[in-house]
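Novice: If you're matching them up, the sequences are chains G and S in order.
Residues 1 to 365 in full-length UniProt numbering are what the first sequence lists, from first letter to last.
Residues 1 to 365 in full-length UniProt numbering are what the second sequence lists, from first letter to last.
Derived by calculation from the structure, the hints in this document are not laboratory data.
It should be emphasised that the depicted structure is a prediction, and the values quoted were computed from it without experimental measurement.
Fair warning: there could be bad hints in the mix.
Stated by the list, open to error - Restraint-style ranges between C-beta atoms, simulated for each label pair: (1) T355(S) <-> L243(G): 49 to 59 angstroms; (2) Q201(S) <-> E15(G): 47 to 57 angstroms; (3) R54(G) <-> Q361(S): 45 to 55 angstroms; (4) R76(G) <-> D88(S): 11 to 21 angstroms; (5) E28(G) <-> L325(S): 28 to 38 angstroms.
The C-beta atom is built at its ideal place from N, Cα and C for all residues, glycine as well.
Here is how the chains run, residue by residue.
Number of protein chains: 2
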Amino acid sequence: MSSVIKVDIPEKSYEISVAPGSLDQLGEQMASLKLGKKVLLVSNPMIFKHYGERAIASLQNAGFEVVSYNLPPGERYKTLNSIQKIYDIALENRLERSSTMVALGGGVVGDMTGFAAATWLRGINVVQIPTSLLAMVDSAIGGKTGVNHPHGKNLIGAFHQPSLVLIDPEVLKTLPAREFRAGMAEVIKYGVIWDAELFTQLEASKHLDQLRYLKSDLINYILTHSCQGKAEVVSKDEKESGLRAILNYGHTIGHAVESLTNYRLLKHGEAVGIGMVAAGEIAVKLGLWQKADAERQNALIKKSGLPTQLPADLDIETIIDALQLDKKVKSGKVRFVLPTQIGEVKVTDEVPTDTIRQVLQEMAS
Amino acid sequence: MSSVIKVDIPEKSYEISVAPGSLDQLGEQMASLKLGKKVLLVSNPMIFKHYGERAIASLQNAGFEVVSYNLPPGERYKTLNSIQKIYDIALENRLERSSTMVALGGGVVGDMTGFAAATWLRGINVVQIPTSLLAMVDSAIGGKTGVNHPHGKNLIGAFHQPSLVLIDPEVLKTLPAREFRAGMAEVIKYGVIWDAELFTQLEASKHLDQLRYLKSDLINYILTHSCQGKAEVVSKDEKESGLRAILNYGHTIGHAVESLTNYRLLKHGEAVGIGMVAAGEIAVKLGLWQKADAERQNALIKKSGLPTQLPADLDIETIIDALQLDKKVKSGKVRFVLPTQIGEVKVTDEVPTDTIRQVLQEMAS
Numbered sequence: 001m002s003s004v005i006k007v008d009i010p011e012k013s014y015e016i017s018v019a020p021g022s023l024d025q026l027g028e029q030m031a032s033l034k035l036g037k038k039v040l041l042v043s044n045p046m047i048f049k050h051y052g053e054r055a056i057a058s059l060q061n062a063g064f065e066v067v068s069y070n071l072p073p074g075e076r077y078k079t080l081n082s083i084q085k086i087y088d089i090a091l092e093n094r095l096e097r098s099s100t101m102v103a104l105g106g107g108v109v110g111d112m113t114g115f116a117a118a119t120w121l122r123g124i125n126v127v128q129i130p131t132s133l134l135a136m137v138d139s140a141i142g143g144k145t146g147v148n149h150p151h152g153k154n155l156i157g158a159f160h161q162p163s164l165v166l167i168d169p170e171v172l173k174t175l176p177a178r179e180f181r182a183g184m185a186e187v188i189k190y191g192v193i194w195d196a197e198l199f200t201q202l203e204a205s206k207h208l209d210q211l212r213y214l215k216s217d218l219i220n221y222i223l224t225h226s227c228q229g230k231a232e233v234v235s236k237d238e239k240e241s242g243l244r245a246i247l248n249y250g251h252t253i254g255h256a257v258e259s260l261t262n263y264r265l266l267k268h269g270e271a272v273g274i275g276m277v278a279a280g281e282i283a284v285k286l287g288l289w290q291k292a293d294a295e296r297q298n299a300l301i302k303k304s305g306l307p308t309q310l311p312a313d314l315d316i317e318t319i320i321d322a323l324q325l326d327k328k329v330k331s332g333k334v335r336f337v338l339p340t341q342i343g344e345v346k347v348t349d350e351v352p353t354d355t356i357r358q359v360l361q362e363m364a365s
Numbered sequence: 001m002s003s004v005i006k007v008d009i010p011e012k013s014y015e016i017s018v019a020p021g022s023l024d025q026l027g028e029q030m031a032s033l034k035l036g037k038k039v040l041l042v043s044n045p046m047i048f049k050h051y052g053e054r055a056i057a058s059l060q061n062a063g064f065e066v067v068s069y070n071l072p073p074g075e076r077y078k079t080l081n082s083i084q085k086i087y088d089i090a091l092e093n094r095l096e097r098s099s100t101m102v103a104l105g106g107g108v109v110g111d112m113t114g115f116a117a118a119t120w121l122r123g124i125n126v127v128q129i130p131t132s133l134l135a136m137v138d139s140a141i142g143g144k145t146g147v148n149h150p151h152g153k154n155l156i157g158a159f160h161q162p163s164l165v166l167i168d169p170e171v172l173k174t175l176p177a178r179e180f181r182a183g184m185a186e187v188i189k190y191g192v193i194w195d196a197e198l199f200t201q202l203e204a205s206k207h208l209d210q211l212r213y214l215k216s217d218l219i220n221y222i223l224t225h226s227c228q229g230k231a232e233v234v235s236k237d238e239k240e241s242g243l244r245a246i247l248n249y250g251h252t253i254g255h256a257v258e259s260l261t262n263y264r265l266l267k268h269g270e271a272v273g274i275g276m277v278a279a280g281e282i283a284v285k286l287g288l289w290q291k292a293d294a295e296r297q298n299a300l301i302k303k304s305g306l307p308t309q310l311p312a313d314l315d316i317e318t319i320i321d322a323l324q325l326d327k328k329v330k331s332g333k334v335r336f337v338l339p340t341q342i343g344e345v346k347v348t349d350e351v352p353t354d355t356i357r358q359v360l361q362e363m364a365s
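Pulled out of the complex, with its shape left as it was, chain G reads as follows:
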């Protein structure tokens, strides 16, 4: 099974291809887009060890000149300093406006390569080859790129649409189990905010916590539906002025918790899972969502092996204060995405601080 999802944006349309084994078609697919000859492949040492040579061979067979660079792994190197290194290599190899940076890796590699491509020569092509579940269903799609500021995640960035997103589900085989589970949080998110059918499919699967327990048909279904969901939302609202905000479901409290634990204790998806539990409970308390549906959501999160309680020793008032720092704050008001039924959410900045506090207290471990 393979599928192609079209992302339609006024500025630039592109395709997301989901197909097992497609890593070996990278060069061919890029050649059909008429991109310039020079390619800078950006990865990290671990991913490169597994897939670098195959990607390069495919590119070279299609006539591209390839140089590669491995970023040091991990969120703590997601800084402007690391971007400087990419610039240096782009300069050394005389990348031109028609050249392409190819991001082969998870969310960190994708965000950073995307930002470097967005800002080198005021924007060159970027192709995303996400290798983590999280990157496949979320960060590689939609054109958000960026790095962290010492005091906040993704505060520095740009919108820069890729020329192609190539998803090869087979590369998930080398993804650590914890990373797989973290990615599942975003999959569940699409079920809650957009795609009730995806939600039901997830409920029907006995396991969600390890790739090897999932049928390959289900994996392809999950990838295709998640990408489709994100593509539809992004196509309707590229720059996050309206609809796109729903993708931040679980991210308001998720980001705060992630940031307050210095991005070390929790994976992003784990924090989002906690944030979805919190947002769901807030919605129930405000009378927007049925308690039974919140429980169905929380059951999926648990089935994926994800935490549903706040990390120990995290002060609740500190979390509430941190919410103010979020990019999504508007005129000082914290914005929440809250479910109204499975497959549907609304955006509101009218959540009383007391309700947030109460829910967080109930979630303390």
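Place chain S on chain G using the hints.
Specialist: Quick look at chain S alone, frame taken from chain G:
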């Protein structure tokens, strides 16, 4: 005399206002655009001393909350490090997506503030108040933003359209004479590439080298026509895929000369003047342009007090090699903008290196 020029771009339309004394209407004009309350005014110490208080007073009277920051002056601080400082202040003051950075200054302040605004929270509003002639007629319009890489000018950047460009010709009174002359190079450029009537008006003026010798009507005419020229070109081609390339007239060799003298010996406009002389001579040698027209162009450049010869001790082969590093290089071929008549140019990458060499030899001082 005051005029409003509309820049129409699919993504975002905005106005360029040219009106003496309009600095005091900044707050009012921004309020009419429904921008968020928070403003970060970025300037440099010298400009801020002259105009900072007036700008801030106007903003505060219109209800904005203003913080200000002065960049260290000069092209050598046009680096990612300086941008980091702007980010820090944006974070400290909790700028939001609806907030605005206001650039009060010349090209360096405008480019850097624009880039910081383009990349903070993936893009917030920017208002440009250019205070140099060069910035008024060129860099403040069209959305190009950026900083320098240690090995090349403006290699790092983004396209980010302003919400408003406010041009108050009265602020030119405090512009150093050499800066004024450098700006005149870009004015002459519009005459050559786009606006034969502007060219004729420049010929009709006895002086072009000092503001005080120019009638204020002529200044307003020059500003309006130059902005109009740039706005028309940019509206037709926002991201420099085609037509916009003509704005690089004089910049191919100009950039190389500027870079090889480490951005210290020559002002950008002076380098562009030299580049226009060179491009004109190349066009004549290739039979594209009449020698008489090239001489008319060179006469305007001289009347503006601008150099028309290469700086001493600059090796010609080094210049030719440096052309390869230009952002405008495509598939290894150097792209030139060459005049065909006053008010019209063509873009070509078919200039024999020998012709370039010959022209540069004739221009050696």
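Novice: Any hints this thing doesn't respect? Which numbers, in order?
Specialist: Result: no hint breaks.
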